[in-house]
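From first to last, the protein sequence lines stand for chains L and R. Note that my numbering numbers the first sequence so that position 384 is 384, with each residue one more than the last. Note that my numbering numbers the second sequence so that position 68 is 1068, with each residue one more than the last.
Away from chain L, derived, C-beta distances all over 10 Å, residues of chain R: (1) Ala-1073; (2) Thr-1081; (3) Leu-1082; (4) Leu-1097; (5) Ser-1173; (6) His-1176.
Some, not all, of what chain R presents toward chain L, calculated at C-beta under 7 Å: (7) Asp-1003; (8) Gly-1111; (9) Gln-1113; (10) Ile-1204; (11) Phe-1206.
If you are wondering where the hints come from, they were derived from the structure by calculation, not from laboratory data. We put the CB at the ideal spot given by N, CA and C, even for glycine.
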Amino acid sequence: MPFRHAARRAVATAAVAALTVGLAACGSGDDSKSSAAQATPKVNPELKGQVTIGAVLPLTGASATIGKDQQRGIELAVDKINSGGGVLGKKLVVKVEDSEGQAASAVNAARKLVSVDKTPVVIGEYSSGNTIPIGQYLQQRKVVHINAGSSSPDIAKIGDFSFSVIGLDNIAGKFTAEKLVQAGYHKVAFLAPNNAYGTGLLKATRAALQQSGGQIVQSLLYTEGQSDYRQELQRLKSANADIVIYSAYGKEAATINKEAYQLGMDPRKFFGIYLTMCTTDSDPRAVDGQQGMDVNYIGPNGSAYKSAYEAKYGEGFRTSFSGYTYDAVTMAAKAINQAGSVDPAKIRDALATVGKRYEGVTGAISFDAHNQRSEQPYLIATMKDGKVSEEGEVRGPEA
Amino acid sequence: MLDFLLGVAVVAAIYGILAISLNLQAGATGLLNFGLVGFFGIGAYATGISTMHGAPWPLGMAIGLVLAAAAGAAVGRLGRTLAAEYWAIATLALAELLRLVALNTDSLTRGPQGISAVPGFFSGLGPQSRDLAWLGLAALVLALCWWVSQRVTGAQFGRVLRLVREQPDLAASLGHDVVGAKVRVMAISAPMAALAGSLYTHYISFIGPGQLEPFATFLVWTMVVVGGLGNAFGVIAGAAIVQLLFDVTRFIDDVFDIPSENAGGLRILVVGAALLGFLYFRSGGLVPERLRRIDARS
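Same shape as in the complex, but just chain L (with noise of 0.2 Å):
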């Protein structure tokens, strides 16, 4: 049989199916309850013409489910932003580029925010190998660059354009580490996402617990997107450990802790990083008593932004992601007004001055030297009744 004929149309063809069913995949994210309640803020009707900045998100790929919280941040900023008196008496746009979650795609998207829409900040993305040749391109062209996604150490040296309005991975793991010991938990179990993220958590809260006296146990890192846990949920029930730190986003975190209670591990017993993402599309039942520590979200800024959220988009947060793109768009749009100018080196230097202290809706926001957030308030929060609420403390071993 010829291979002209029949395989090789056969492979071309599948070739190209397989390409396209795959990047559909990804891209046909989960919106079924975005449209369940539309309470978008009327436009300010005086604002006239309109200032335009960028964003380069994971819209598609495999971090599209933040990319898509992140993008939801924005849009309930620029509402916020518009329905009052907008940016120079004009109307903020954010346009939102796709960077497939591929660091090429994610600079050709910089490429054309900055040489075709001419946009002065470009806010991106969320993995820090794409965050960083954004930033890196972004200084080159001196365009002013927020990263409100990554937390590599890397990004603090791209230069005088690029900002930070998330912490690095070292303040969560170092918080959540001290206050466990605190309360008496020693021994420790670990599970997260076998990514950037998850690695850079591990790494931190590890440090951290050597650091207060504490240690891990048994440290586990899933693959995403599998359909089942329990051979990572077995192991962990084995190391017999005095608590399960955990840090998942929502849809898997939904299974890993169905899996759990059906295996009979004691949700009084997990202590969610981000507890809000951790528990958010979960059974109440199987998440109930459980503990975590979370962005600041219940203080008076981020309480608004939490039901302003619910009320867009019929739901709880998706990831803990949303709200650092938040802070990003409101801060740009004042070092904007403060600017009184689109001029990137102005915006830049009027956004330093904006973050000398700013209150934001993930809690206070102050950069450091190399403009990188330097503060991170956290709270601890425990599930109740398939609610988030707020404690001042880790509840402890024995109670």
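Assemble the complex: chain L is given as a structure, and chain R must be docked to it using the hints.
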């Protein structure tokens, strides 16, 4: 605009190198390599790891080329025991294996964090001239690979490869070393993919396991199929068209008013539909392979 187009062109040229590499394997020899991204990864990580330890860039690039040639030859030898379809599956598995190693050996590859801040070329130049220099370099390497590919397929060896593709048993009965031909073509083409990986890493200044997903292999396959399997000029055109399609569709939501939550997915849908349409109307590719006279001199 120019800035954006230069970026698209450099990435397209790098994909063009990968397309030539795949075309030598799949187009000329009929080797269904579904693990092309593995060779790309060898080049990319050799560059990333060496520069991370302070080695000069030519060393990293050279290590990548040598390793890829050796790996290519080894994978080609697998063809001795495996029939074409099974060989295809084995290549997919090998590339996935490499990705998992990259993902899980923190000490060597920095694991899921990837290797960032890989030094780029032409850092002394201004932004615009740097982009132009990059385009020149990528085009030069592309031309070099195209020339090698033409030399290989134009010579007597190329005729053996095509015979191996169409009638492996006949080739063997005529006294040609089928496995040897596969080994040689893999050893020639795999370093091209590694070279593309090395260039990519220097250009983007980052390499991580996320770049080694099988998706990348299928993207190059699409380029080769759209351009015309078996025609080196065609596959370069295919790479340019597919890359352009991905980036031109960024303008869809500038022209039409699309609900933002669907914009990302819709763009990919348009790309998919355009590619399928392409195959429907030009199933042989943009520039199909020509039939050659058996006694033709190159």
